[in-house]
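Novice: So you can see what is in the structure, the chains are spelled out below.
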Amino acid sequence: MTEPRPPLRAYLPHLRRALAVWRRNTAVWHKLLIPSLLANFGEPLLYLLAFGYGFGTLVHRVGGLPYITFLATGIACSSAMNAASFEALYSTYTRMDPQKTWEGIHATPLGIPDIVLGELLWAGTKGLINALAILIVALALGLVAPAGALWALPVLFLSGLCFAALALVATAFARGYDFFTYYFTLVLTPLLLVSGVFFPLASLPRPVRLGARLLPLTHVVSLVRPLLIGQSPPHPLTDLAVLTAYTLFAGAGALVLFVRRFER
Amino acid sequence: MDDNAAALLVTDLHKTYGGRTVVDGLSLRVARGTCVGLLGPNGAGKTTTLRLLLGHTRPDAGRIEVLGFSIPDAASQARARLGVVGQSDNLDPDFNVEENLYHYARYYGLDPRALRERFTDLLTFAGLEDRRGAPLRELSGGMRRRLALVRALVHDPVMLFLDEPTTGLDPQARFHLWQRFRQLRREGRTLLLTTHYMEEAERLCDRLVVLDHGRVVAEGAPQELVRRHVEPFVLELPAEAGRGLGLREERHGLRTLHLEETVFVYARAREDLEALLSRCPETPARLRPSNLEDVFFALTGHALRD
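Residue numbers (my numbering), protein chains in the order written: chain L, 1 to 264; chain S, 1001 to 1306.
If you're looking for bench data, these hints aren't it; they were derived computationally from the structure. Here the structure is a predicted model, which is why all the values come from computation and not from measurement. Ideal Cβ placement from N, Cα and C applies to all residues, glycine included.
Here are some chain S residues pointing at chain L (derived, C-beta under 10 Å):
#1 Y1017
#2 L1054
#3 A1075
#4 R1079
#5 V1085
#6 N1090
#7 L1091
#8 D1094
#9 Y1108
#10 R1151
Construct the complete structure from the given sequences, taking the supplied hints into account.
Specialist: Printed below as a string of structure tokens:
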């Protein structure tokens, strides 16, 4: 006999508690707003200008788009990935281990799953914020369609959650910061290079192209780039399904791993 | 087995880590409104016991009830009524003094905007009313501990877990905290305290529970433990002088304990020790009533545990 599933209502306190963690992290981000916004806007702007205009004079149109537009729509995706990953690796680890913020929170009614869920939501938000900064720059430069940018926001938030969940799995195993360098070098950089951010997938060899279809960033780009230039994505349901599946599996895995790490 | 007068009830608790038994049949009862001290050498199982009581780890066997909630199943509800001051400093360094209370209140499901007055009262209680906006790095060790204490009080808990709350503080800071603990106890809160300082245990606690090897080896009121477990008087001598007096073995009512370069000679009658002392008038020695420290050594031995 299987146990009856608790009603969805039963999960509401967890969501409320997770939001307390989310608000804590948001408040800290808010305190450091100016320097973090400078980084959010400054770096992508430099990249766009340097590569878009500099490199763009050499290559002109890529995938049917001016290179700077191709690049801006790609970087919006990769920045959601990078920001969410960075937050869920370095910042989450800092709060979990050296800073003992989790220990302090764990003395309250919040359990480890509540804290992890809060961290996940926050890192996803951080991904969205960074992607939004790129979109604002791209809108100011007249590179993307305003309506499309609105449609892209929920997708970029989901992407943030997806990469946050994957990064949390790594953080759950981490014993120090060194470990995260591997994650960036061995996981994120290859993803960045084969997912159509800087150049179209079509220019890759066929096996790589097929492999890239299994990777989450490919699906983010496949959704977001058409949206941003005012077109419909070619296969939105598949893309959303892949991203949701990654988020749920990695998120559930991270929960189990963190609980095991803390409750032994 | 309902026991309404008990804030904490632990029965036959067991916990093993990778084949090493850390808690071994521990039973414990803390009456509401009392202050109970958990004593024991490092590795006696104090920290693991506290983790078990908070529901942070699951016992292998045994029953835990905190404020009527069964742990670990209802640990979250129990923690909503508990205040915890941990052994390590886990204040939030990303926030200033008042923000630490502000955000901590949220974890209890409280609306911090409605608690400004309470924060002021708590900061006054901690002697930090002039430091509301100070970043944590500007606080002394004593101030940080006091902030940790009032942070554990934002939700007005009925019971407090204090895990070595004064370790590393100077005498003034320690005394200040003791006053606060006494006041919390007077307000009717239940206190469970772990400490390595016998003086602290003696001054603050109604009852003491001495742990070793994961089980209770003695419990009772501080003076009761002294009466029950050690002779009332002790003479402390340098080991050299002890050897000169031929004190290697126990003899006629004297019990000796060798600790590094010192010999402790325990006796029922003060005169016996005075007689001993008269035989070596040149020796720097100290004759005193025995205290909790002597109980501690008598019960848990004197080998280093680190």
